[in-house]
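Can you join these two chains into the complex? Each is in its own frame, and there are hints to help.
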Amino acid sequence: MPGKSRRDFLKKSAIIGAGITGLSTSTAKAGPKNILSPDRMGVLVDTTVCVGCRNCEWACKDAHNLPAGNLESYEDRKVFEKKRRPDHTALTVVNEYSPGKNSNMPVDVKVQCMHCDHPACVSACIVGAFSKQENGSVIWDTDMCIGCRYCMVACPFQVPAFEYHKALHPDIMKCDFCFERTKEGKLPACVEICPVEALTYGPRTELVRVARERIKKNPDRYIDHIFGEYEVGGTSWMYLANKDFSELDFPKLGDKPAPGVSESIQHGIFAYFVPPVSLYALLGGIMWISKRRKELEEELK
Amino acid sequence: MANQLHNPVPIKRKYFTPGVFVLIILALNGLVFLIGRFLFGIGAVTNLDNQYPWGLWIGVDVAAGVALAAGGFTTAALGHVMHKEEYHAIVRPALLTAMLGYTFVAMGVFVDIGRWYYIWHPLIMWNGNSALFEVGICVMIYLTVLYIEFLPIVTERFIGRVNLPGFLSILNKPVDKFLRVLDKGLSKTMFIFIIAGVVLSTLHQSSLGTLMIIAGPKMHPLWQTPVLPLLFLLSAIAVGFPMVIFESLIASRSLGLKPEMHILTRLGSMIAPLLGIYLAFKIGDMFIRETFVYLTEFNTASVMFTIELLFGVIIPLRMFLSPKVLKSPLLLFIASTLVVLGVLINRINNFIVAYTPPYAEKTYFPSFGEISVTVGFVAMLVLAYRFIVMNFPVISLPGKHSAPQAKYTIRGVGK
Ligand code: SF4
Ligand code: SF4
Ligand code: SF4
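Sequence lines, in order, name chains H and F.
Be aware that the first sequence starts at 1, since it is given in the numbering used here, and climbs by one per residue.
Be aware that the second sequence starts at 1, since it is given in the numbering used here, and climbs by one per residue.
Don't take every hint at face value.
Capping the alpha-carbon separation at 16 Å, the derived lysine to aspartate or glutamate pairs in EDC-like fashion look like this [to be verified]:
1. H:Lys294 to F:Glu85
2. H:Lys33 to H:Asp141
3. F:Lys84 to H:Asp141
4. H:Lys294 to F:Glu86
5. F:Lys177 to F:Glu156
6. F:Lys84 to H:Glu298
7. H:Lys166 to F:Asp49
8. F:Lys84 to H:Glu295
9. H:Lys186 to H:Asp62
10. H:Lys82 to F:Glu361
Just so you know, these hints were derived from the structure itself, not from any lab.
Next comes chain F alone, as it looks inside the complex (with noise of 0.2 Å):
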């Protein structure tokens, strides 16, 4: 059987430990300033003004929360689209991640637009040449389609296992039957989704990096180009594999598991070669532009651009390139982190550092409420991924391979 690699089971832990408590403060004190935001409005809260209409919460909460979201359609690529079952354990995790991630992306959006009751108007007005219109619309039907995915994770956890208290049982049969219906015409129907969420992702990673050229001279030339849509896709299948390694390793530090090192080392021996065309894009664009010139001066775009380039994408990309550094748990992590910190910074280079409007008094930077409130956001995050990981089968235990899970593992796909 192909599928011994994979058991994935709830995993027992106790919730509250000390770091659990921190992050609940940073919750709260993110919690705060949101109400602030709706009670006060956007002005009270934040540094944005008209000059700068976007700031923090688009370039991290959103452009980057999508792009950190990534491995979710990388790793349903590799374990789904192209059978590659020995990466099935990771599948899992990665997903949970990616809805967790876009359901905080859509959060963001909601405490960032001015009028959140308006938050449906894209379902029904269309703009066909907006950017923005594409992306609202990928990302919505999206993050649906990351729902129904994970859907089978909780039939599964609850088939023969319904446990309604008190008079509520009488339902707990039927409930019970509508759980196996469910699950039957899912895994018939899943592989619809998967590659639906394939699809979408290229559509909105790719788009997202339309937005900002209408922004045309506004936008620093070290960033402005018409192959932007290119290099955000190109970076976020990068940064897919890197991100799913970090979350995996933290994940087992904090659970107390044994890091998959057999899986890890082979994601991690994929990554370099998709950092390299990453990078042979960007470099080439750089170059065919000439834009190069504006690296010898000394200014915040220059240095972020080169932080960027130079930690994000060379030294881990020579990194990943070493056998040493893909057995190594330690290594792998701080070349996985890199990876991610540099996508990171490319959002917020180009959402908020390339963005130099023309009549600006002062140069933005964030608010200390902003500030909380995305902090808050990734604390809530973290928070319910392990919340979800002790109650959902998400994550599978290393050395556990015995009990074969037919039934869950190729869902869609199978038989």
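Chain H with its partners taken away, still in its complex shape (with noise of 0.2 Å):
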């Protein structure tokens, strides 16, 4: 009974398509929360004023309940020795380069998430526990998190990191641009402690002019250059110097947003389902045609 067979495949057929777009409606919506607000705020990073005092790595860790000891230890500066790079323990450092221009004061360069405006990390996370928020902060979800640490593969600066220690609930471990602290008025605890006022905390257009300005008259203290600004479509925090970024470990990356390329291959595929759809259709119709070529044949026989 060819005929009968047919309407029965036909009509499965649909009701799987129906059941796959059906789903297509609320998976377009779902994604973590990724807001680029034009009031977002950021962080502007004058490395040419820092004294690498490291009271900002302090300050972190007491804010964020992470073992700090006390403020006088970190007047310690043999651990400039080696360039260190934030973990579990810190979610800040603070590494130090030999002189720049016009200059014989060492560069200190304060190192953190840079709270991306296209984050590869909100992009990656399998699970959306990344999301970037209104005031600019990108920060984690434990609740979500599963430990795939697909985010740290995707961070263009290598930031996020893992609990390797535990066997148990291990944490991805970042700089949340003192979340809890900004929500309640507070300034983040590293711009708050800053002695010299290295770091200038407010809207990020307002430090992008800040910024060109300070460049703009002082241009032998300053290379012309600010970090950040269209770094992998610009961050929130900012950074400005008196010698070449490359030279102080920032790596070298181009002004398009990190996610860019995956995400429009990864909504090609899904275009909202209809390549998918399309191909079972094709393969369901060269299914049913050479089954019934093959009946023809013996019929024929």
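Below, the structure is given as structure tokens:
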């Protein structure tokens, strides 16, 4: 009964198709919060002002319930012999480099999450545990994370750290822009403690203006580059320096947002589930035709 | 009747052989390190760190595992979608490999993620922008589809043979009845799952390629390309049949059966064009992005790229073009092994060799524990395969083509 089986077949295929398209309407909206507010905040780090006191390291730990030790122990400058990275014990670290142009002072660079405007971590996270908040912070939700570490693969600045030593409930650790403090109207802990005002907290657009002005007023003091103004589509944290950023261990990055290519491929393959559903229909068609041909051959025998 | 070529039966053999004992020791060794991972954390067993968050387990257990299980969907497309019944004898072994392969992929993920007890989160927490989300969801659904596709083999084994021990024997009749209903339902709807399996496979095989694109400049330009998803899909399609040949020849060797050369030769003749398409895109991509300049440098990346392409694609491609190779079990085995190793190396290259994080102090090399777990998983997979083909009708005996089994062959497509 080829006629019946064909009708059956079409009916069942149609149900599947409807099911999948039904899904698509909800998936199209699925995804983590990713707000790019015009009023988002940022921090301008002026490395020519920073003296490398590492008070920010202490304040950051203190604000995040990490073992911080006493503040005096941070005066020890021996730690600068080695370049360090933020990890599960410290969400921000300061590294020291040789002096830049027109200066004999070493260059100190504070490192933490850049709070990208188009964060790769937010785009990548399998469950959407990362989100970009209205005030510019990129934060992580411990109740969602499954610990797959794809965010670490994705981040162009290699910032998120993982608690490898923990068998149960390891966290992804990174600077959260002091989200809990700023919500209450307080300054980020590191900005608040900085004794020389190397860190300026403010609306990002304002910070870009300030940074431009500083470069224009003191062309001998700065190189003409605000790191983070355009890198990977712009970041909330931005840097000024008196030597090339590649000599300060900043990665060389283009202006395009890091998640751009993969997201457009992803959405291309899945454009409202049309490609998968068409493929399903095509294969169903081929299956039906080749079976029909077999049947005809056998009838002819 | 068109079904005479195919008569799968449980292969009765002694389970324990010296080789099986070696596998058991390897599996136990892996188990020791697995316990270590769950008791003391990922850091205690692996060489992973904040610079290298992904290593052997993701590169081999997951990425290569998925690629090498591609035989399942390519043979399903050939045997069921294009309705080439002469290949039906290899569909079941390939299905079994895919089912076991994906099971171990899922176990690899379970071991690698830091919070294994949250593995179900992607089911309810969706991030449509994430390539990993897509891979995860597709693999979960496909694994279910594979189990459903395998069910008829289970019902076939037990229908009319349900024999529960002791007082449970009063259930024999109802269970048998249930199996028959299940079997009937399955054979009417199986085509839905077969097509879904092929669609899901094309989706996640390519999305696995999208995974590393977001790493951007952290990935070596020899591999980092926007056509990675296409390259992953094409190589998965190309490795499907070689993998089937590879395991079919090993299985017939170890079970003392005659190799099914009449099928394998024909299957082998299809590999060269598939490899050719993959090679064309791979080389084309290299010339469009002008990455061949990196091959003039001498370093791990250029050497690994050359090995992958020369031994994994070009040499076997030439071999599969020769009729002599196609007819000789040994040469066919060598050529297929080369393709399988080539894809394995390609996945390792993409996920481990090409990945160069900006602040690494040392390069990553898997620890003894990581290698033990991966080897242990492979050993367990082979042991499970051996057990299943000895107890379920998976492998067709060549030469015994008489008993027609119309009911079970074109399942779901038929009548
Ligand atoms: S620097 Fe990395 S972790 Fe921070 S927002 Fe950007 S991508 Fe995310
Ligand atoms: S480790 Fe956690 S936060 Fe990072 S991508 Fe995976 S689920 Fe998301
Ligand atoms: S903003 Fe807060 S979390 Fe980030 S480095 Fe400063 S103190 Fe630490």
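What hint numbers does the structure not satisfy?
-> The structure breaks only hint 3.
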